[in-house]
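Chemist: Residues per chain are reported as follows:
Protein chains: 2
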Amino acid sequence: MIGIVGDDFPQAHTAYFQSRNIDLGGLQTVPGRTFRWCGEYHADFNNRTTLSTELGVFETFNPQLPEDYRTTPYVLLGNIGPDLQGHVLDQMERPKFIVADTMNLWINITNEALHKLLKRVDMLVLNDEEARQLTKEENLIRAGRALLELGPRFVAIKKGEHGCMLFGEGGAFFATGAYPLAEIHDPTGAGDSFVGALAGYVASKNPKGVTFDLLRAAVAHGSVMASFNVEAFSLERLRTLTNVQLAERFNQFKAMTRFEE
Amino acid sequence: MIGIVGDDFPQAHTAYFQSRNIDLGGLQTVPGRTFRWCGEYHADFNNRTTLSTELGVFETFNPQLPEDYRTTPYVLLGNIGPDLQGHVLDQMERPKFIVADTMNLWINITNEALHKLLKRVDMLVLNDEEARQLTKEENLIRAGRALLELGPRFVAIKKGEHGCMLFGEGGAFFATGAYPLAEIHDPTGAGDSFVGALAGYVASKNPKGVTFDLLRAAVAHGSVMASFNVEAFSLERLRTLTNVQLAERFNQFKAMTRFEE
Numbered sequence: 535m536i537g538i539v540g541d542d543f544p545q546a547h548t549a550y551f552q553s554r555n556i557d558l559g560g561l562q563t564v565p566g567r568t569f570r571w572c573g574e575y576h577a578d579f580n581n582r583t584t585l586s587t588e589l590g591v592f593e594t595f596n597p598q599l600p601e602d603y604r605t606t607p608y609v610l611l612g613n614i615g616p617d618l619q620g621h622v623l624d625q626m627e628r629p630k631f632i633v634a635d636t637m638n639l640w641i642n643i644t645n646e647a648l649h650k651l652l653k654r655v656d657m658l659v660l661n662d663e664e665a666r667q668l669t670k671e672e673n674l675i676r677a678g679r680a681l682l683e684l685g686p687r688f689v690a691i692k693k694g695e696h697g698c699m700l701f702g703e704g705g706a707f708f709a710t711g712a713y714p715l716a717e718i719h720d721p722t723g724a725g726d727s728f729v730g731a732l733a734g735y736v737a738s739k740n741p742k743g744v745t746f747d748l749l750r751a752a753v754a755h756g757s758v759m760a761s762f763n764v765e766a767f768s769l770e771r772l773r774t775l776t777n778v779q780l781a782e783r784f785n786q787f788k789a790m791t792r793f794e795e
Numbered sequence: 535m536i537g538i539v540g541d542d543f544p545q546a547h548t549a550y551f552q553s554r555n556i557d558l559g560g561l562q563t564v565p566g567r568t569f570r571w572c573g574e575y576h577a578d579f580n581n582r583t584t585l586s587t588e589l590g591v592f593e594t595f596n597p598q599l600p601e602d603y604r605t606t607p608y609v610l611l612g613n614i615g616p617d618l619q620g621h622v623l624d625q626m627e628r629p630k631f632i633v634a635d636t637m638n639l640w641i642n643i644t645n646e647a648l649h650k651l652l653k654r655v656d657m658l659v660l661n662d663e664e665a666r667q668l669t670k671e672e673n674l675i676r677a678g679r680a681l682l683e684l685g686p687r688f689v690a691i692k693k694g695e696h697g698c699m700l701f702g703e704g705g706a707f708f709a710t711g712a713y714p715l716a717e718i719h720d721p722t723g724a725g726d727s728f729v730g731a732l733a734g735y736v737a738s739k740n741p742k743g744v745t746f747d748l749l750r751a752a753v754a755h756g757s758v759m760a761s762f763n764v765e766a767f768s769l770e771r772l773r774t775l776t777n778v779q780l781a782e783r784f785n786q787f788k789a790m791t792r793f794e795e
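Residue numbers (the numbering used here), protein chains in the order written: chain E, 535 to 795; chain H, 535 to 795.
One should not assume that every hint holds.
Since the list can't tell identical chains apart, any single copy or any two copies may satisfy a pair.
Using 25 Å as the maximum straight-line C-alpha spacing, the simulated SDA-like pairs for lysine to any residue come out as follows [to be verified]:
hint : residue 1 : residue 2
1    : LYS650    : VAL564
2    : LYS670    : LEU715
3    : LYS630    : PHE569
4    : LYS670    : PRO714
5    : LYS653    : THR606
None of these hints come from the bench; they were simulated from the model. In this text, all values refer to a predicted model and were calculated from it rather than measured experimentally.
Model the full structure from these sequences, guided by the hints.
Modeler: Written out as structure tokens, the structure is:
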């Protein structure tokens, strides 16, 4: 983990990360306030209105990799400006697989830097509106294909409650719905838990080469993780989640998408 | 087929039906104009604005079953008023499986008759907005469960380009996306071709009893048929469609939704 928090960041949070064996060597804690986002979700949970964004210490974030991070083989570039994502890559030694997240803000204000970054990553993950915005294609199949032309070997387009589409070389295509939930409490972080679980699954397999078939399962794992995340406020559900619960839901998810002639 | 057309109905259309071995014994042709709908689709093809609806001869339609139709084992009640759908059922002798389509209009103006009909059918097929409207549940998983309480053993909720969810007894659940298309020319009739192929698939299998697993495949067949239908205006694509093309796309669809741990 590479990141920055202010001195207001609760000790309980860092303690929790440590209890899950998350290396915090790359987490900077500096004077000031931690990044905050405040918003309101609409009735269908697929749209939201931002009420306030306070960058706080994030505004001057300069990601610095500890020496022993530089050879990490699997890299997830979280949603920060593409220049900073590129700056992280500059510090890395030949990673095996690089996944990048992005958002509408960077498509708008740092479009050129984003295009440059896309030539350096193996996989791009973004949502449907962002895919349309970046490619100017209304149809998502065409948007996915157009994104492959920009550099990455794989593209995942997230559609919130409607699931995810995965595009690969040679017309490879995979689609899955979201895991169905009768109650959604807080969709905040669904996209982050999706891409985190996706990248984590790939890293856990440490494959010779990342294949399209491996990424099908990675997308399904991401969907399952996101489904847990939205069941409760903030990280409350992930905090108590076990590997057994993840595996059970993964198997249910597989069963509910199968059909035979 | 049970239906009504006016004397303006092109002879070429009936000739086409006959060339496909469709029995037209239940098609009434009467003086007057055939039903017409005119509308405009929005950019995403998921919403449309009705410009005009002319009921024509449909206004006084009274479905009368030819004697040899009364023992038909598989019945698809197309989208007409629930009273007329019930009137068709009154003329049938113990069908094995009854699927009903409906629409927002009937939910609004003949809600009670619709509730009565739902107790007489095995399966209800409707779209997401209709499911929400009929159950007053925003969440589609809850809407699907609530619809099962109204009578049918199976409920399919269609979500347009986002696919379909199938609900059955004991919490049985299946979900699939739509077959991905880079070009959509005319979504008119997608829902009808979906439910037609679904019911046709079940009838072609003529099972001892209709199971949830059979309906998974039926939903997938419906999705594939609908994907062909929207590729060209009106019935143009279905007109030339072959069983080999259907089977090929069905297999592609299966491959693109599979994942393995």
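Chemist: All hints are to be evaluated individually against the structure, with a verdict given for each.
Modeler: Here is what the structure says about each hint:
no. : hint               : verdict
1   : LYS650 with VAL564 : neither (30 Å within a copy, 66 Å between copies)
2   : LYS670 with LEU715 : between (32 Å within a copy, 17 Å between copies)
3   : LYS630 with PHE569 : neither (30 Å within a copy, 61 Å between copies)
4   : LYS670 with PRO714 : between (30 Å within a copy, 18 Å between copies)
5   : LYS653 with THR606 : within (20 Å within a copy, 60 Å between copies)
Comparing the model with each earlier hint shows violations of hints 1, 3; every other hint is respected.
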